[in-house]
Amino acid sequence: MLEFRQIFFEDIVTSQLGYKPSIEIKPAHLANGFFRAVCGGYVNNEAQHQALYPQGYPTLGPDPTKQRDKFTQFAPTQQQALLFLKENEVQREILQGLLSADKAVFKGVSTSSYSLSHASHVTSDNHDRDAGMWLHKILSHGQNAPALDLLRELLQQEPRRRNDELSVLTLPLDDLSQTRKQKSYDNWSPVSLQIENGQFRDPLLRDIRAAFDQLAQNDAGSARQNGKLDTLRRMTTLACFSVYLHLANCGNDKPDRVPIVLRLEKNGRTLHQASIASYQWVRRSLDAFMYREIHNVVQQTFDPTNLKDEQIKELIYHQINWYRTQSEANTAAGQNKVKDYQDNCWRFYQSYRGGAADHTPQEALARAFTDILRQVLSSSPQDIARALGTRIGLLTGRNKKSYQAHPDLLEVLLRATIPKGETWPVHQVGELWASRYGILFGILGDENDRLSSWGIPPVNGTEFSVNVAALAELLEQSGYARRYADGIVLVTVGD
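Counted from 1, the sequence shown has number 199 at position 199 by this note's numbering; the numbering is strictly sequential.
Treat each hint with caution, since some may be false.
Claimed, not checked - With beta-carbon atoms standing in for the labels, derived distance ranges:
1) A288 <-> S140: 40 to 50 angstroms
2) S222 <-> Q182: 26 to 36 angstroms
3) G41 <-> G487: 27 to 37 angstroms
To be verified - Taking lysine-lysine and the DSSO-like style, the derived pairs with C-alpha atoms no more than 30 angstroms apart in a straight line are:
4) K337 <-> K308
5) K103 <-> K86
6) K308 <-> K266
7) K337 <-> K20
8) K183 <-> K266
9) K339 <-> K137
10) K400 <-> K254
11) K337 <-> K400
12) K183 <-> K308
13) K339 <-> K313
14) K181 <-> K103
15) K313 <-> K266
16) K400 <-> K103
17) K254 <-> K401
18) K254 <-> K20
19) K313 <-> K20
20) K266 <-> K181
21) K137 <-> K254
22) K20 <-> K103
23) K313 <-> K337
24) K20 <-> K400
25) K183 <-> K337
Worth flagging that the hints you see were computed from the coordinates, not collected in a lab. Model, not experiment: these values are computed from the prediction. We put the CB at the ideal spot given by N, CA and C, even for glycine.
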């Protein structure tokens, strides 16, 4: 039996991307996996988890009715902290509110991701699906790694040198004698991280690395004073944006990035339509990537001379294991769900083979597998990208998503763009954002020419002008830009 999820998704994304976009990744999940790789492992602090999860542990401290109470296994300082919190529930609720801001804390410490600010907060939660290690590999390549060095410094501060509220509050719960553990990545070498002539083969990864290093240069001074939490938040936002950008472009075979039409002026109709159309290219790019890789697997797995329609039907209904678990196979609901997968997959295949369709059996089967994948997975790569984009303030709207960047995201992109001490006209910012990220907002003058190559409808020139003015006003209000009487807008990143 062929394991559908394993062969036609898991193996593909692991070997090609390096991470597995099959479950929703919240910023807290990605930060946990990213910072775990930066710090070289995790500790899974049980005392800390009990302290900030009242739902799972309504009472704290030793239970005299239990002979082997886990409380006695904690370090003395941890026991004292737990006893204090037992008598001061308000402080415990404050601790929970601060470290579980992203709603990613659950019953088990190994499945929880905190709003962390120190290596002692890192857990083994794998909800990031190796995206954190993927980012770490990008930041650690080469001799100089300013972003990685800054993150290590901030996340591994000694007790007396901690300069953020979160890690200071949890200091009594730390057990400094614990040894960090880490998952092995010895045989992990995804195609996306391939090196050629001393640098990443994929130019997008080089752009991601440049963005992190520039952000680190701009934030280093303030992070070492009282801006550590701001810097970690910005690094996390840039990490989420980087994964989104990589997913959006993984199936892109054009030299330019998949366009991101930012909509700062909310009343422009043609701008809104172009922004929606640019977002729709994310799904097309991911579909193209999955079809290409699934087609390669089909070619390698099946003998093309024996692939006939009758054999394809036999394959779909009797030679593929569609079940997620064995227990699912033993339930009526699970059997009905799999029957739907089989019927839909067969219909998809027939649609690619029938009528005027000229697809070979291999091509039709690969396309059918690509289409059914969205139903089989609990969350598709498209879902992962959409959720990440929404959570960092890049995407807005329920059904028809469009790009409407939140001021916090714009701040991160600016600080990851302009070198410290330099002043750029907003046109120069637009040029770099277009080449590095595919971001278009109307400053270049040739946006409609760029959009036409993607089949995206043009934007009214007046709407683009108003959009640029809206962006300039937003940057001016946030202190990053200054507008002069001649209409020139200059942007700079200060301390």
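Status of each hint after checking the structure:
no., hint, in the structure
1, A288 <-> S140: 40 to 50 angstroms, "30 angstroms, violated"
2, S222 <-> Q182: 26 to 36 angstroms, "30 angstroms, holds"
3, G41 <-> G487: 27 to 37 angstroms, "53 angstroms, violated"
4, K337 <-> K308, "26 angstroms, holds"
5, K103 <-> K86, "23 angstroms, holds"
6, K308 <-> K266, "53 angstroms, violated"
7, K337 <-> K20, "23 angstroms, holds"
8, K183 <-> K266, "46 angstroms, violated"
9, K339 <-> K137, "41 angstroms, violated"
10, K400 <-> K254, "25 angstroms, holds"
11, K337 <-> K400, "28 angstroms, holds"
12, K183 <-> K308, "44 angstroms, violated"
13, K339 <-> K313, "13 angstroms, holds"
14, K181 <-> K103, "24 angstroms, holds"
15, K313 <-> K266, "50 angstroms, violated"
16, K400 <-> K103, "26 angstroms, holds"
17, K254 <-> K401, "23 angstroms, holds"
18, K254 <-> K20, "24 angstroms, holds"
19, K313 <-> K20, "29 angstroms, holds"
20, K266 <-> K181, "48 angstroms, violated"
21, K137 <-> K254, "25 angstroms, holds"
22, K20 <-> K103, "21 angstroms, holds"
23, K313 <-> K337, "18 angstroms, holds"
24, K20 <-> K400, "25 angstroms, holds"
25, K183 <-> K337, "34 angstroms, violated"
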